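A.B. asks: Model the full assembly from the supplied sequences, consistent with the hints where possible.
Its first residue numbered 1, the sequence shown is counted upward by one per residue in full-length UniProt numbering.
Please note: incorrect hints may appear among the correct ones.
Dumping the calculated BS3-like pairs for lysine-lysine here, alpha-carbon to alpha-carbon at most 30 angstroms [as the list claims (entries may be wrong)]:
#1 13 <-> 65
#2 3 <-> 55
#3 55 <-> 13
#4 55 <-> 83
#5 13 <-> 103
#6 100 <-> 13
#7 65 <-> 80
#8 3 <-> 65
#9 100 <-> 7
#10 7 <-> 83
#11 7 <-> 65
Hints were generated in silico from the structure; no laboratory data involved. Quantities reported herein were computed from a predicted structural model and do not represent experimental measurements.
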Amino acid sequence: MIKIIDKTNFRKKVLNGSGLQIARFCAEWSGPCQMMGPIYQEMFDHYSSRASFYKIDVDEAPFLKNQLGVIELPTLFFYKNGKVIEIVTGMTTREFLIEKIEKALNH
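C.D. replies: Here it is in structure tokens:
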């Protein structure tokens, strides 16, 4: 299951997590977020044994959105052992995400 997190547990789960952590910033009202939702779920289904997947609703966690400079939705932050190694913004393809995840896992 994709874990839904907010500002209170972002640091504990993502920044202090080990291995690959992928944090998706989105909003219910965002068309691109809704369109990317099934692709993100597919990535979780395929890679959940090798990475942790999180969802952050920007309306429920505006502090995180502002702190990390999220402007476009969706925005995916790839963290490896607490450090940002990749940021992907906007609509993207399944193939592009697979490429980014594979690269991050082998980083």
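A.B. asks: Has the given pair, residue 55 with residue 83, been kept, meaning a C-alpha gap of at most 30 angstroms?
C.D. replies: With a Cα-Cα distance of about 18 angstroms, the restraint between residue 55 and residue 83 holds, given a limit of 30 angstroms.
A.B. asks: Within a Cα-Cα threshold of 30 angstroms, do residue 3 and residue 55 meet the stated pairing?
C.D. replies: Distance of about 6 angstroms is within 30 angstroms: holds.
A.B. asks: Given the hinted pair residue 7 and residue 83, is their Cα-Cα distance within 30 angstroms?
C.D. replies: holds, 17 angstroms
A.B. asks: Taken at face value, is the distance from the CA of residue 13 to the CA of residue 55 at most 30 angstroms?
C.D. replies: Distance of about 12 angstroms is within 30 angstroms: holds.
A.B. asks: Against the 30 angstroms threshold, does the CA-CA distance of residue 13 and residue 103 hold or violate the hint?
C.D. replies: holds, 22 angstroms
A.B. asks: Does residue 65 lie within 30 angstroms of residue 13 when you go C-alpha to C-alpha?
C.D. replies: Answer holds: residue 13 to residue 65 is near 16 angstroms, not above 30 angstroms.
A.B. asks: Does the structure keep residue 100 and residue 13 at a Cα separation of 30 angstroms or less?
C.D. replies: The hint holds at about 21 angstroms.
A.B. asks: Between residue 65 and residue 80, is the straight-line Cα distance small enough, at 30 angstroms or below?
C.D. replies: Between residue 65 and residue 80 the Cα gap is close to 19 angstroms, so the pair holds against 30 angstroms.
A.B. asks: Can you confirm whether the C-alpha distance between residue 7 and residue 65 stays at or below 30 angstroms?
C.D. replies: holds, 10 angstroms
A.B. asks: Would you mind confirming whether the straight-line C-alpha gap from residue 100 to residue 7 stays at or under 30 angstroms?
C.D. replies: Measuring from Cα to Cα gives roughly 25 angstroms; hence the hint holds.
A.B. asks: Take the C-alpha atoms of residue 3 and residue 65, compute the straight-line distance between them, and say whether it is at most 30 angstroms.
C.D. replies: With a Cα-Cα distance of about 17 angstroms, the restraint between residue 3 and residue 65 holds, given a limit of 30 angstroms.
In summary, this structure violates none of the numbered hints.
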